[in-house]
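From first to last, the protein sequence lines stand for chains D and A.
Residues 0 to 844 (numbering that gives the first Met the number 0) make up the first sequence, in order.
Residues 0 to 255 (numbering that gives the first Met the number 0) make up the second sequence, in order.
By construction, these hints were calculated from the structure, which means they are not laboratory data.
Quick caveat: nothing in here was measured; it's all calculated off a predicted structure.
Please note that a few of the clues may not be correct.
[As the list claims (entries may be wrong)] Some chain D residues well away from chain A (every beta-carbon gap over 10 Å; in silico):
id	residue
1	G210
2	S227
3	G478
4	A556
5	D613
6	I717
7	E747
8	R752
9	G755
[To be verified] List time: in silico EDC-like cross-link candidates among lysine to aspartate or glutamate, alpha-carbon distance up to 16 Å:
id	chain 1	residue 1	chain 2	residue 2
10	A	K148	A	E114
11	A	K85	D	D836
12	A	K87	D	D836
Cβ atoms here follow ideal geometry from the backbone N, Cα and C, with glycine treated the same way.
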Amino acid sequence: MIRAALKSLLGRKVRLLMSTFAIVLGVAFVVGTLVFSDTLNRSFTALFASTVGDVVVAPEDAQTALGQSTKTIPAPLVAQLAELPGAARADGNVTAQGVYVLDPEGDVVGGSGPPGLGASYSDAPAAGGPGLQLVEGRAPQGSGEVVLDERTAERAEVGVGDPVLVQVPEGRPAQQRAQVVGLLGFPDGGSLNGATYVAWDTPTAQALFLGGQDAFTDAWVTARDGVSQTALADQARAVVPDGVEVQTGDDAADEQASQLLEAIGFLTTFLLIFAGIALVVGSFLVVNTFSMLVAQRSRELALLRALGASKRQVVRSVQVEALVLGAIGATLGIGLGVLLAVGLKALFASLGLDLTGQDLVYRPRTFVAAYAIGVLVTMAAAYLPARRTSRIAPVQAMRDDVALPESSLRRRFVLGLVLAVLGGGAMALGLGVAGDVPRAGWWIGGGILAVLLGVTAMSPVLAAPLLGLARAAYARAYGPVGNLAGQNSLRNPRRTAATASALMIGLTLACAMAIIGSSAKASVDQTVEDNFVGDYVVRGTGFGAFFNASVADQVAAVPGVREVVRQRFQLVDLDGDTEAVSALDPTRVGVFGLRTVAGDLGTLADRTVIVSADWADDGGYAVGEELRADPPSGEERWRIVGTYEDNPLVGDVVTTLATFEAGGYEPVDASLTVVADPGAGDLEEQLEQAVDNPTVVVNDQAEFAAEQREPINRFVYIIYALLGLALLIAVMGIVNTLALSVVERTREVGLLRAIGLTRGQLRWMITLESVVIAVLGAVLGVVLGVGFGLAMMAAVREQGLEVVDVPAGQLVVFLVLGVVIGVVAAVLPARRAARLDVLRAIATE
Amino acid sequence: MSAPVTPAPDRAVAARVSGLTKTYGRGEAVVRALDDVTLDLYAGEFTAIMGPSGSGKSTLMHVCAALDRPDAGDVVVGERSIGRLKDKELTVLRREEIGFVFQSFNLVPTLTARENILLPLAIAGRKPEPDWFETVVSTVGLGDRLSHKPNELSGGQQQRVAVARALMSRPRIVFADEPTGNLDSRSGAEVLELLRASVDDHGQTVVMVTHDPVAAAWTDRVVYLADGRVVEEQRDPDRDAVLQTMDRMARLAEEA
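The following block holds chain D by itself, in its conformation from the complex:
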């Protein structure tokens, strides 16, 4: 019996291939995601293991998200550490951010995304393996020599012996000319993930970043053989003064990595959600394919029953088929998944997360998951069609036309309706209709899934009027061929609907994303429009990229500039919580158009702050109260003198420039707001010349808004790329369904040809059929997508995304895409039908 099943499977190679395709794509998605995220993890682990020594000694709170404080550890301490009984050596390091290598065109290598690191060169061994090492050339000596990491050098188009320009944040002169004398790399694989890296010898780095003092931003202590990190750290703790922190390399790496790994965790979850979508879509196709295969074979199965096979044997034979198909699909899916991982690597490289040099990582669990999912999903999807075969009576072997018993559509509709209503309810709860619920995201996500499945279950019934309409329209527009095509799509509504559902799911998500993305962009525009003050804004590129205070003076000197307002940012610990605090010249606060809620904003002075009303409410603060702040120079108390309505430009907490300077923060600006004289014309070019620094950009309002929108665009594009794969599966599903139904209708096709249907008309008929399916999916998808999109926008309304924008143009594009998908999907099946030999087709049983 099993052999009969396998033989019958092999007898249908084409169908076999087509039905595996859905599984292949689903599994490929999972494998691609897992391989990619493992690769990403490995590369980050390698990166961070290579950025710590066995024991790291650094000033407390040296690392802030916005760069480094001016705190250092003195050189004698490093000598002292080297003398520890467990220490083999101790090396002081100087590290700085905002150091960018320039390419021959004078542009910043790596753009504005990833950090630019500048450092002192050291050959101290990293804790986690070789780390970043000299792979070519020699170590730098003196102020005219640097080493770069290989990728940075490649992107700057320089090699050993070439000159290179490096932009230094607050060094004088701002641009350093140097010769590249060596290249650094990860001999055991690893990547800086897009960051750029340049290193000088220690005295030069100290001169550039620490004002020439003989000190270090941190020190690595390397353990002697047999001395553990913990033991060495304990020894070090005994000698370091207060305010200096000792961490084992493992702890330091974990701490540095945790934040990024969290981000990757999100990414992995995100990709796996798409894998899940691909699998849900894929399993629809498997159900569909198996239903059709079983229907086509029902006579054969009835014959087996007539010959004495038991119900169980018949059902099992179908299940064995599913098992084999699942295994084949999973195997092919693994291959495709690896390609997908390569593609994802390239995709993320284009977004600044450069993993070149990091080989793909294959963990055993990836393969286990691939086979488990491939086989389980296929078998689960084949379960219903398999069970239905058991209802084939042996007597049907003797009959000409065998109709498979189908479960009632009404029951299915009711079930779908219940599911959709429950899903809608869950969404409503998640959206906070009845007050806040815990884990709102899960409610909304689960609700969406339930609605999708419910609508899918209802779709044969929902589709009936649409299909009837399509048939009438077709008959009117395309005559008998249109009528035939329309009738064909109505012939088996559940098949048509199931095929359309695959497309529906993809487009639902695409539409929802389009609305969310578009609304987010519109919200950004709105915010910028409401709050953009002045005529130009001057900013450092990249997060936390500050620039020298002298830039403001240069900008102020440009003719036509009336006023330049500096703004600085630091993360400051306020009453134990880290807050982003901005600093302004108190006399210029008016420029930002802050609206007073309480107190007097005009009284902002040193060691006082003004805060947003919301922030004050959340923290339970009132005007007149004091905050405990801990700038680098030591704890202070800052008094709240006023509150204002929320303003994204200044943030929640504002103090004075002098407060920052007295607190020990570097005098570097985060942004400048430039107000031009009325009628001064376009000053952008002059401003750029005055700034004369490729890491600092000048934007007018439109450019500023465009840059704020950019991350949203990228995000939306990534999602589109991923949804594109779901759509691809849907297209394959339509191809599959059409091809199988052409096979199923071979005799009919032969008849139509015999009575005078030309090949062209036949192709046209199948194309029209395909378009009906695709448009049905597209219409359902767009309707659901708009609903979900609006619901989700309602959910985030309170978080600042107030503008809801439905991108009608894009939605129309999706509908048109549906038609295009229909036409494309029909190409192969139509060709196949047109090529059928008329005589043989008629003779087909």
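For chain D, the structure is supplied; the task is to place chain A on it using the hints.
For chain A alone, coordinates are given in the frame of chain D:
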């Protein structure tokens, strides 16, 4: 060798078959389905083509009906010679000159009886003549079942719809491939009566492949094929004459 063909001097020729040869397979396995067949099919006549399995009768019909191409020889339907026609031209020829009735009914399951009957005209983009439609439908006797789908009709009714479909476009020739093969004798008789009536009442040319002597007895002329050649023919046959001829042919085959 072709058997002498009795001419029917008062009739025009609807299709002229000359030197028709068709082989299948290659080398050792070559099968000569048609071996230099020359035959005239007369207009307004009901012709049966008979012969044992593998005699080439179905192949002859398929080539005559522009469903298949000959290897050598030609068929002229009306004024058109099908030997050199491309697929598209063959399709048009089928549409305009030929009607079909198949053994297994072959109706489009999604269409009603009426739509099935009108389908060839619709495909060709021709308007049905209402009077002719009425005539055909009343001849076929399906008046109240026209809006039914094929699966709501009995086998005999389906085959009558198929006959009506073949007659609707007033083709030069209607080819029927074992039209009664899947029917019980009463339904079969109804279908044959219908074909007979179309010849007698409307001058339709009908060519039917069959191996049923009872069916052959309804025709004006029986052409016997064996091993791809025309070996015998009878005019105005009855059941017994057909049976005798078949017996004789079977004995000849055994001796050979």
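Quick rundown of the hints versus the structure:
A cut-off of 10 Å between C-beta atoms confirms that D/G210 is not in contact with chain A; the least separation is 86 Å. Every CB of chain A is more than 10 Å from the CB of D/S227 (nearest about 79 Å), matching its label as outside the interface. With 10 Å as the threshold on Cβ separation, the claim that D/G478 sits away from chain A is violated: the shortest Cβ distance comes to roughly 6 Å. For D/A556, the non-interface assignment is confirmed: its Cβ lies about 81 Å from the closest Cβ of chain A, beyond the 10 Å cut-off.
Against chain A, the non-interface label of D/D613 holds: every CB pair exceeds 10 Å, the least being about 64 Å. At roughly 44 Å from the closest C-beta of chain A, the C-beta of D/I717 stays outside 10 Å, upholding its exclusion from the interface. Against the 10 Å criterion, D/E747 falls within the reach of chain A, whose nearest CB is about 6 Å from its own CB. For D/R752, the condition that its CB be more than 10 Å from all CB atoms of chain A is violated, with the nearest at approximately 7 Å.
At the 10 Å boundary, the C-beta of D/G755 falls inside the reach of chain A, the nearest C-beta of that chain being 3 Å off. Of the pairs offered as hints, the one joining A/K148 and A/E114 holds, with about 9 Å between alpha carbons and a cut-off of 16 Å not exceeded. For the proposed pair A/K85 and D/D836, the alpha carbon gap of about 14 Å is at most 16 Å, so the pair holds. Between A/K87 and D/D836 the CA atoms are separated by roughly 13 Å; this keeps the pair inside 16 Å, and the hint holds.
Hint violations for this structure: numbers 3, 7, 8, 9, all remaining hints satisfied.
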